[in-house]
Amino acid sequence: MNLFFLIKEGFIGLKRARFSALISIISIGLALTLLGLFALLGQNLKDIFFRFYKQIEIEAFLEPTLDNKSLNSLKTKIQGMDQVEEVIYVSREDALKEFQQTFGQDLQQLLNENPLPASLRIKIKSDFSNPLIIDNLVSQIKALKGIQDVIYQKEIVRFLHKYFKIGVLVITSFALILLAVIIILIFNTIRLTIHARSAIIQIMRLVGATNLFIKTPFIIEGILQGLAGGILGGSIVILIGHLIRDIILPETAIPSILFYAILATGVFLGFIGSTISVNKYLKY
Amino acid sequence: MIEFYNVSVKSSNRNLLSGASLKINKGEFVYLIGKTGAGKTTLLRLIYCDLFPSTGNVIVDKFSSSTIKKKQIPYLRRKVGVVFQDFKLLPDRNVYDNIAFALQAVGARKRAIKSRVLSLLTQVGLNHKRYHMPTTLSGGEKQRAAIARALANEPFILLADEPTGNLDPEASRGIVELLEKINKSGTAVCMATHNYELIRYAPHRTIVLENGLIRREIDSKNISSIRSL
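Quick note, the sequences are listed as chains A and B, same order.
Heads up: take any position in the first sequence, counting from 1, add 407, and you land on the numbering used here.
Heads up: take any position in the second sequence, counting from 1, add 57, and you land on the numbering used here.
Be careful, since some hints might not be right.
[Claimed, not checked] With a straight-line cut-off of 30 angstroms between C-alpha atoms, the simulated DSBU-like cross-links for lysine-lysine are:
{"hint": "1", "chain 1": "B", "residue 1": "119", "chain 2": "A", "residue 2": "415"}
{"hint": "2", "chain 1": "B", "residue 1": "186", "chain 2": "A", "residue 2": "687"}
{"hint": "3", "chain 1": "A", "residue 1": "422", "chain 2": "B", "residue 2": "171"}
{"hint": "4", "chain 1": "A", "residue 1": "549", "chain 2": "A", "residue 2": "461"}
{"hint": "5", "chain 1": "A", "residue 1": "415", "chain 2": "B", "residue 2": "171"}
{"hint": "6", "chain 1": "A", "residue 1": "687", "chain 2": "B", "residue 2": "241"}
{"hint": "7", "chain 1": "B", "residue 1": "186", "chain 2": "A", "residue 2": "415"}
{"hint": "8", "chain 1": "B", "residue 1": "127", "chain 2": "A", "residue 2": "687"}
{"hint": "9", "chain 1": "B", "residue 1": "145", "chain 2": "A", "residue 2": "422"}
{"hint": "10", "chain 1": "A", "residue 1": "530", "chain 2": "A", "residue 2": "572"}
{"hint": "11", "chain 1": "A", "residue 1": "687", "chain 2": "B", "residue 2": "145"}
{"hint": "12", "chain 1": "A", "residue 1": "484", "chain 2": "A", "residue 2": "532"}
{"hint": "13", "chain 1": "A", "residue 1": "687", "chain 2": "B", "residue 2": "136"}
{"hint": "14", "chain 1": "B", "residue 1": "127", "chain 2": "A", "residue 2": "415"}
{"hint": "15", "chain 1": "A", "residue 1": "415", "chain 2": "B", "residue 2": "83"}
{"hint": "16", "chain 1": "A", "residue 1": "422", "chain 2": "B", "residue 2": "167"}
{"hint": "17", "chain 1": "A", "residue 1": "572", "chain 2": "A", "residue 2": "552"}
{"hint": "18", "chain 1": "B", "residue 1": "167", "chain 2": "A", "residue 2": "415"}
{"hint": "19", "chain 1": "A", "residue 1": "422", "chain 2": "B", "residue 2": "186"}
{"hint": "20", "chain 1": "B", "residue 1": "145", "chain 2": "B", "residue 2": "171"}
{"hint": "21", "chain 1": "B", "residue 1": "128", "chain 2": "A", "residue 2": "415"}
{"hint": "22", "chain 1": "B", "residue 1": "126", "chain 2": "A", "residue 2": "530"}
In case anyone wonders, no lab produced these hints; they're calculated from the structure.
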């Protein structure tokens, strides 16, 4: 099989049916733009939630009698836990200073002593930001020798987690519906461009071309359409992302992989769409 | 070379062909004659595996309709050339490229394609029009180009489905003369037509079809007995 001839036929096919190919590329591009914008929205919502999560800390108050050696061993033990990102020691003096900075009152002068205990502030890895996991971690820390009490913003964690789950569900559902619509749209667009040239398929069959030989130029065409649509869609999404970041929301994240993901989706859908469509003309 | 054994083809509401048995020998010229819907096209489609029998068996060279695998069909079609009433030329390529396409589609080499296409163009008398687009050709010339394409892979039989259906009488006779010339060089020809004048002009074995049944066979000597359909 002459691969060069088949690739050439793929390009010639695009050139010959340039109007329908252009319509197809624009349709694919716009469909992928919608999908890409959804991905951008999802990624940014996820980032916002994780930014909140990152601020969540578990505060473990230490027994007043705890010596330095036990403190270090306790710190190492907690730091070694899978869910823990960072452990910061806050001495009684540091706690007092923080109190004064936050509330503007000198607690020591007021009570003639420092009532605040020393503590360990524990930051959790974002992968483990689940209330159940945090509860479990809190119980583990509580059980450690030298820990007096453990507190964390339980209600905020539960609230965030609940709405994060709803957000993920809503975005995933919309994205899946959109993806299904896009797949149908892309398949239909490619099918129309192939249907417009069903005569050439019939002639190829009659002269004894193998199915692989008939299919290949159309698949190459489908891939090229998907690639061009992907470049178009990816560029629009990145452009819109930059506009949003520059004009409305400076914190907007534009993942560099997004453009390539849209491109790959276009190529993949172009390949699958053209393969399925051309197969319909190749019964025997 | 081509044998039909009690072949029937049923579509949803009627029999396209009923109990057809026939044989076409190597290098033979055969007409299939009958009105529209008599079963001529069905019979031809069975030969190039565009259709399969509901019952019975069709043997084409070493292939049998009951045992042929899907991936073998292209190889059978390379041995069977087909031309149609509407020519089925690719409108976006010139005559040369239309013929070359049949050779490119089977993976022939560029040099072999060139010499074969030029030889075919000479054979069908279209050498001077090789760079013309199909839209600029007359009906007879389009059919000659289609015949050249059908012969590109050196088939042992040429199937012609109403090849003169869109042509005037003079061009029709020219096409039949060309088919006879091709037949004399060793390629069998099976031509479906409803034009009995043409059969009388160039008599050969004729199979008469009616409502999906083979009614009778007439040999070339008794063609004058055909008066009308």
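Review point. Within a Cα-Cα threshold of 30 angstroms, do residue 530 of chain A and residue 572 of chain A meet the stated pairing?
Key: holds, 21 angstroms
Practice item. Measure nothing beyond the straight line between the CA atoms of residue 167 of chain B and residue 415 of chain A; if it is 30 angstroms or shorter, mark the hint as holding. Key: Holds: residue 167 of chain B and residue 415 of chain A sit about 14 angstroms apart, inside 30 angstroms.
Review point. Taken at face value, is the distance from the CA of residue 145 of chain B to the CA of residue 687 of chain A at most 30 angstroms?
Key: holds, 20 angstroms
Review point. Given the proposed pairing of residue 422 of chain A with residue 186 of chain B, does the C-alpha separation stay at or below 30 angstroms?
Key: holds, 25 angstroms
Point to revise | Given hint residue 552 of chain A paired with residue 572 of chain A - CA-CA distance at most 30 angstroms | key: Roughly 35 angstroms between the alpha carbons, so the hint for residue 572 of chain A and residue 552 of chain A is violated.
Exercise for review: Measure nothing beyond the straight line between the CA atoms of residue 145 of chain B and residue 171 of chain B; if it is 30 angstroms or shorter, mark the hint as holding.
Suggested key: holds, 22 angstroms
Point to revise | Hinted pair residue 484 of chain A and residue 532 of chain A, Cα distance within 30 angstroms | key: holds, 16 angstroms
Point to revise | Given hint residue 415 of chain A paired with residue 127 of chain B - CA-CA distance at most 30 angstroms | key: holds, 27 angstroms
Point to revise | Pair hint residue 127 of chain B and residue 687 of chain A, alpha-carbon separation not exceeding 30 angstroms | key: holds, 15 angstroms
Practice item. Measure nothing beyond the straight line between the CA atoms of residue 422 of chain A and residue 171 of chain B; if it is 30 angstroms or shorter, mark the hint as holding. Key: OK: residue 422 of chain A and residue 171 of chain B at ~24 angstroms, within 30 angstroms.
Exercise for review: For the pair supplied as a hint, residue 186 of chain B and residue 687 of chain A, confirm whether the alpha-carbon distance does not exceed 30 angstroms.
Suggested key: violated, 36 angstroms
Review point. Holds or violated: are the alpha carbons of residue 119 of chain B and residue 415 of chain A at most 30 angstroms from each other?
Key: Violated - the C-alpha atoms of residue 415 of chain A and residue 119 of chain B are around 35 angstroms apart, more than 30 angstroms.
Violated hints, in rising order: 1, 2, 6, 15, 17, 22; the structure is consistent with all others.
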